[in-house]
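Line by line, the protein sequences give chains P and F. Under numbering that gives the first Met the number 0, read the first sequence as residues 0 to 301, first letter to last. Under numbering that gives the first Met the number 0, read the second sequence as residues 0 to 301, first letter to last.
Keep in mind the hints are simulated off the structure, nothing from the lab.
Which copy is meant is left open, so a pair is good if it fits within one copy or across any two.
Lysine-lysine pairs mimicking DSSO-like chemistry, simulated, CA-CA at most 30 Å apart:
#1 K164 <-> K250
#2 K148 <-> K289
#3 K20 <-> K31
#4 K220 <-> K295
#5 K298 <-> K148
#6 K5 <-> K148
#7 K289 <-> K31
#8 K283 <-> K295
#9 K5 <-> K20
#10 K31 <-> K283
#11 K220 <-> K95
#12 K298 <-> K220
#13 K31 <-> K295
#14 K3 <-> K164
#15 K250 <-> K295
#16 K5 <-> K164
#17 K20 <-> K95
If you're wondering where the values come from, they're calculated on a predicted model, not measured in any experiment.
Number of protein chains: 2
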Amino acid sequence: MTIKNKFYRYIQDLQDTITSKLEEVDTLANFKEDLWERPEGGGGRTRVIQNGAVFEKGGVNISAVHGELPHSMQAYFGVTDANFFACGLSLVIHPKNPYVPTVHANWRYFEMYDKQGAIVDQWFGGGQDLTPYYLFEADATHFHTICKKACDAHDTTFYPQYKQKCDDYFWNSHRNEARGIGGLFFDYLKASEGRSMQDWYDFVTEVGNSFLEAYIPIVIKRKDLDFNTSNRNWQEIRRGRYVEFNLVHDKGTLFGLRTNGRIESILMSLPPHVQWQYNHQPVKGSEEEKLVEVLKNPKAWV
Amino acid sequence: MTIKNKFYRYIQDLQDTITSKLEEVDTLANFKEDLWERPEGGGGRTRVIQNGAVFEKGGVNISAVHGELPHSMQAYFGVTDANFFACGLSLVIHPKNPYVPTVHANWRYFEMYDKQGAIVDQWFGGGQDLTPYYLFEADATHFHTICKKACDAHDTTFYPQYKQKCDDYFWNSHRNEARGIGGLFFDYLKASEGRSMQDWYDFVTEVGNSFLEAYIPIVIKRKDLDFNTSNRNWQEIRRGRYVEFNLVHDKGTLFGLRTNGRIESILMSLPPHVQWQYNHQPVKGSEEEKLVEVLKNPKAWV
Numbered sequence: 000m001t002i003k004n005k006f007y008r009y010i011q012d013l014q015d016t017i018t019s020k021l022e023e024v025d026t027l028a029n030f031k032e033d034l035w036e037r038p039e040g041g042g043g044r045t046r047v048i049q050n051g052a053v054f055e056k057g058g059v060n061i062s063a064v065h066g067e068l069p070h071s072m073q074a075y076f077g078v079t080d081a082n083f084f085a086c087g088l089s090l091v092i093h094p095k096n097p098y099v100p101t102v103h104a105n106w107r108y109f110e111m112y113d114k115q116g117a118i119v120d121q122w123f124g125g126g127q128d129l130t131p132y133y134l135f136e137a138d139a140t141h142f143h144t145i146c147k148k149a150c151d152a153h154d155t156t157f158y159p160q161y162k163q164k165c166d167d168y169f170w171n172s173h174r175n176e177a178r179g180i181g182g183l184f185f186d187y188l189k190a191s192e193g194r195s196m197q198d199w200y201d202f203v204t205e206v207g208n209s210f211l212e213a214y215i216p217i218v219i220k221r222k223d224l225d226f227n228t229s230n231r232n233w234q235e236i237r238r239g240r241y242v243e244f245n246l247v248h249d250k251g252t253l254f255g256l257r258t259n260g261r262i263e264s265i266l267m268s269l270p271p272h273v274q275w276q277y278n279h280q281p282v283k284g285s286e287e288e289k290l291v292e293v294l295k296n297p298k299a300w301v
Numbered sequence: 000m001t002i003k004n005k006f007y008r009y010i011q012d013l014q015d016t017i018t019s020k021l022e023e024v025d026t027l028a029n030f031k032e033d034l035w036e037r038p039e040g041g042g043g044r045t046r047v048i049q050n051g052a053v054f055e056k057g058g059v060n061i062s063a064v065h066g067e068l069p070h071s072m073q074a075y076f077g078v079t080d081a082n083f084f085a086c087g088l089s090l091v092i093h094p095k096n097p098y099v100p101t102v103h104a105n106w107r108y109f110e111m112y113d114k115q116g117a118i119v120d121q122w123f124g125g126g127q128d129l130t131p132y133y134l135f136e137a138d139a140t141h142f143h144t145i146c147k148k149a150c151d152a153h154d155t156t157f158y159p160q161y162k163q164k165c166d167d168y169f170w171n172s173h174r175n176e177a178r179g180i181g182g183l184f185f186d187y188l189k190a191s192e193g194r195s196m197q198d199w200y201d202f203v204t205e206v207g208n209s210f211l212e213a214y215i216p217i218v219i220k221r222k223d224l225d226f227n228t229s230n231r232n233w234q235e236i237r238r239g240r241y242v243e244f245n246l247v248h249d250k251g252t253l254f255g256l257r258t259n260g261r262i263e264s265i266l267m268s269l270p271p272h273v274q275w276q277y278n279h280q281p282v283k284g285s286e287e288e289k290l291v292e293v294l295k296n297p298k299a300w301v
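Chain P with its partners taken away, still in its complex shape (with noise of 0.2 Å):
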């Protein structure tokens, strides 16, 4: 099988195993799916989760599209007359508890071809980063452990590499904070003299293996805390930072939102409620400010 159809294959599976764990701890609420269809060709099954109660809104989506690459896409990439390839699984999940993070993954492939139908460009993207509300720093480490094995089970310069990439990626400059305490972000992952595509795509599918295993024992822990109004105030007024990031920073959303691609997949991601407070700032010495302070400086949690 080419690489191309295993790992569509594999986004699959990956898709039904990940929505039926988070069904299996949410116990109320299932996902609901919708079918899509591209019009150039290709589509995508959304499955979303609202409601539940340990989830209160979460998307888990795979796509597989391709055609005539689009206009922005060729000045993008330098290249004319081309065609492409593209699938992937896009994950978000907004829990309820403000104890439990939000998490985000994505997993994706991509082919370039020439007007004759040959592969002139292929590779992998993707990674996975958490967004907690509050700091527990047993659980950063934990997420970040899983990332780290999953990365030195191919190359232990992958870990440090690619951890950095996301602190850089999930950056909202205009806030001069991270997003959240981050995890793995890797894009363009290509053939090269030492590592073929079939390599590339044993790491990636590890990281994609490791996702439930880095998030769901967190969601355990903290899904039955106690939390109040004030928890849960400061929970929205930071999911407005993750609406603030995605809408103004995220690549993939404004390349979505500007090349007509489905409006609801795309915006899937944002949380489902949300708050702006004029200047608000966190109380000194608080557990928020202490959230704030590894969001504006970044650390090595392994």
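Based on these hints, arrange chain F on the given structure of chain P.
Here is chain F on its own, set in the frame of chain P:
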């Protein structure tokens, strides 16, 4: 007095007039004032009201900034080595009651200088527009009638022109709908054969003076209407579209975020409580659907 000094004095007075009137209508909350300075020159007076009886969140801000034209603006205006002065009043008011529309207005003046300090360009810009959550045609007509009256006092070609520009500018292209029911939008109002800067000053201040007459009667008429949770949810979902416009499309907001503007003054425009539900669709034949119909097909109100 120069146009620049006259207009700066004007927006200071207008800020007082508008905030006093809004406080009088609200009866409960007062504006809190923040003075801020721009390290590179100038500063502003931000006034924010929160948790009022009528106004859930709103800002009426003035600023007057000057210095070297930032690099991003040099490129935008196609000049090098220029200095600038810009002052303006910006307001966004988010009422609590879903039957009272959100309003936005802005009136601004810009001067550009060569290195010898001579004015090489100068213009006015601004406008005012209404974003209802429920459509009362009488309110839309009232708002546009006042806009038209202010325009007609100067030139009967202004209203149709600036009404159209407003519909074009506040277009949420990724949703294929308008942000609201429009009003006026104008920019680069420069001296020309038939019209001096003083003429434009007279026009822009006429629009500024019309603001309270355009908005307040609508607030008075709708602020005590009964509403339920479902009306409130709809308002919060529609506020999500407001956020999307401001963060994805609004040139002023993006310019501020990219040029190190005062974040809290820029983002005071974002609504206090906002929702994103996956693929929310108004019920067929409902009042909610009636609004969306008009947003998708902007119409003539006078």
